[in-house]
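J.: We have chain S already, so just place chain A on it with the hints.
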Amino acid sequence: MNARPSPVLAGVRHNPGFAIALVLFGALYLVYNMMHPRGFSGAVLIQNVNESVAIVFLAMAQTVPVLMGGLDLSVGAIMTLTNCIASELVIGTPGQIAFGMAATLASGTAFGLMNGLIVVYGRLQPIIATLATGAIAMGLALFIRPKPGGRVDDDISWALTNDLYELVATYGWFDADAGWFQPVAWIPVPLIILVVIAFGVWLPFRRTVTGRTIYAIGSAEGAAFMSGLPIERAKIAAFTLAGFFASCGGLYLAIQTSSGNADITQAGAYTLNSIAAVVIGGTSLLGGVGGAIGSLVGALILRVISFYFRILSIDPLLQPLVEGVVLLTAVSLGVFRTLQVKNRLDLFR
Amino acid sequence: MTLAIASLKPEDKPVVLASAFVLVILLVGTVYTLATQGTAPLLSPQYLVQQLQTGSFLGIAAAGMMVVILLGHIDLSIPWTMTAAAMMATTVGGDMAIPVGIAVGVAVGLFNGIGVAYLRIPSMIFTLGVDSVMRGLMVAHTGGFAPQDAATPLMRFFAAERVLGVPVAIFVWLAVSVVIAVMLRRTAFGRAVYATGNREAAAYLSGIRTRLVILGAFVVCGICAALAGVLLAGYSAKAYQGMGTPFLLPAIAAVVIGGTRILGGQGRYVGTLIGVVLIVLLNSVLSIMQMPEAGRQVIYGSVIIGMLLVYGRGARVTS
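First to last, the sequence lines map onto chains S and A. Letter by letter, the first sequence follows residues 887 to 1235 in the numbering used here. Letter by letter, the second sequence follows residues 67 to 385 in the numbering used here.
Just chain A, with the same shape it has in the complex:
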């Protein structure tokens, strides 16, 4: 077993280990439910599909986050980009709801990208400021209350309906995944993202317009966050204050658990996908066990540290 892990290619290792851990989670959860209730709900497709439906919002947000992290940057404005997109979509309503929501994401992404790529402000602090501004704008817009406008039927359809017994949200997540994966693997932009993330100076000298690449990555992230927000509003039938806040840290965690290097330049999309599944299943097993919030937080943190200690260790500084 150890030999098999050691002989894996470095970029495959996280994917394999994270998948193995997903199985461990399922196994532990099933043993627990068999022991206490005598049933195995975790293994029923019905239950899994339902968990993935709620996980699809996290999955879409994490997909965008991954593109930015591949550049060695980070987008902390995801929470209120999600919320703003959802609120704008429900406010406008009608046929234009979803396009308006996505447009919010594009605008935030452009703004972030200009600040990070052209003004060279560290993304950590710039996106943090943008997040605060978005929060201020939304609080001013709504007066601090949950807006009364309901999600449009189309938003409801994409987030909460089912087609062929499978929630549409999963199809949306799948579509986003395919687009992001193909973009990262098969397009010049995707290759440029990896190159820029590895060493921006080298990428620049090779003729890559790195500032446009960074701008593009932040727009992709903004769009993903906005889409996740619009869907979440559709799922809960309306937008509400702080709806995006619980998604930021899990999104970063999913990307990193999936093997993407937080300093950029390395990582596969399938890893992020598995990272999201891992976090969603971990959450649902913990809630089946009726684990109090305290225990959840400790386990959550320990899992991230533990997974990273196995395969996420950096190189020793030697020069």
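Looking at chain S on its own, in the form it has when it is part of the complex:
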């Protein structure tokens, strides 16, 4: 009565899915490192983070439309498109590289904006509109890069996919062996990129009126409209932000692989995995509950599971089976709520 519940507990009660995901990820990654033949090391961490960046960005991209009760089936295609653009542009003088990266992010964001405009002013269902624009994005990607290839500046692809030490050493900003630098020198650069974009873009956005409106639309669009919230602006912003996150993923993929690849199957797999990551991260597909940070964790869970295949030398052929079972188990956890519902009409939302 006197003590207010701590914000942490309140958060857990509000969105148990996120808490479960966080605990699950912690446990999975801890066990993974304990079982790893060489134990925890910076090199393993760098490799793990590198392999996770693209799917994490896509999961965050998918989160925004899902929060408002929609779905974006074009995120994988936008990632592929921006990957191909980056493989053309991110090379040359520092100025050209900066321009290339900006152009890559801008084109993905513009594609997301186009999705938003089609959904809002065309009044089409997001799932089917983005299905179609996804095909268009794949087509454009194939125009740019009919065959896998391309090149990305070596320095940047080395510096951004390693730890801070290499970043500093590559560009010679200061003496990378300086004593004060050592405690943070091991941190992988991709991890920093992820954290900066996740917390620097998503959290501030969430607090804006537009961000709150996205949640409101997911909870009850009619009520949001009657409350005078800027529904159209929020919807357009949601798809634009999805395009931005997807282009971050595409840009990083290009930097990481130093090439572009317009692979339709891969784009589809990324899109589907992003939906899975969103759900595992505690965001409701009905909209209104969840967030991009949850999806970040959800995507990491998916990735850690695939790491296990490597250290346990399980047949990689079994990977889709395990992924599917994990996904089905994760979504079935919500069933207990369903079974407790007294009034069956509550189920039909």
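These are computed hints drawn from the structure, not numbers from a lab. Bear in mind the structure is a predicted one, so any value in this text is a computation, not a measurement. Think of the CB as a built atom: it goes at the ideal place given N, C-alpha and C, for glycine as much as any other residue. Please note that the accuracy of each hint is not assured.
Unchecked claim - Which residues of chain A face chain S? A partial, calculated answer using Cβ under 8 Å:
| no. | residue |
| --- | --- |
| 1 | 188 |
| 2 | 190 |
| 3 | 191 |
| 4 | 194 |
| 5 | 201 |
| 6 | 202 |
| 7 | 209 |
| 8 | 213 |
| 9 | 216 |
| 10 | 361 |
| 11 | 362 |
| 12 | 366 |
| 13 | 367 |
| 14 | 370 |
| 15 | 376 |
| 16 | 379 |
T.: Structure of chain A alone, referenced to chain S:
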């Protein structure tokens, strides 16, 4: 012309416009071939029948997909349901090949239906998980290679043979179409599908056992996907990895282009039929033009968006 379109009933509009677009595709393709080769292969019945034969697999899969979409759900497990049915059918072989393949579809449909209808898991994610599990099972079953077993003669007959000059596959597609159309129009189950798709709570309060309806719809979809897979294996003489993957998105697109509302409750089977024909002809015209994959994807997406902008627009939120 605009007046005629405006005065159409809303549910007829997609059918008429999609048919008109089919004619436009044929016209453009014919003009192209006349200009470049001086022939008009697109208008020869021989060629059209052959295109429809390859389209029949998509048509059968889309028929099942439509029943699920009418409920406002979606079945993303079609690709590997098709593949699993085909692989199981060729593995078992003999007289039991086709029944075993169909049984795979029934099993997947039941599983999907239980997850969506009884556990209330969103169909989008549940069927996605099921698809992944099926893929895992099939990859484990075959070791990741194309199985060596060949399709049985009966499967070959249904998919690749001709009777009276018309491919049997088209007859199978026709039979499936009649069954689905009659089921949707004339049976209590069909009416219940529309009612549940419009508003499940209202359907439930009117005494419809909506969970059984959803279960039934997913089983129908599973059966259709399995049948399409078995036929496809018969057509290509064997089953192979990922054979169902190119069918998922076109199946959804065909259903939606045909005027079925993606949120459920509205749509006519004849629309889906025309949607399939449209996609098949669009594909064949693009391949006649030797359009590279890039251009195909762009045109494909633009056509879907364009068709939907004409008649698929939702209502403005006003309350």
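J.: Now look at each hint and say whether the structure bears it out.
T.: These are the hints, each one checked on the structure:
no. : hint : verdict
1   : 188  : 4 Å, holds
2   : 190  : 6 Å, holds
3   : 191  : 5 Å, holds
4   : 194  : 6 Å, holds
5   : 201  : 4 Å, holds
6   : 202  : 2 Å, holds
7   : 209  : 7 Å, holds
8   : 213  : 14 Å, violated
9   : 216  : 23 Å, violated
10  : 361  : 7 Å, holds
11  : 362  : 7 Å, holds
12  : 366  : 5 Å, holds
13  : 367  : 3 Å, holds
14  : 370  : 4 Å, holds
15  : 376  : 10 Å, violated
16  : 379  : 4 Å, holds
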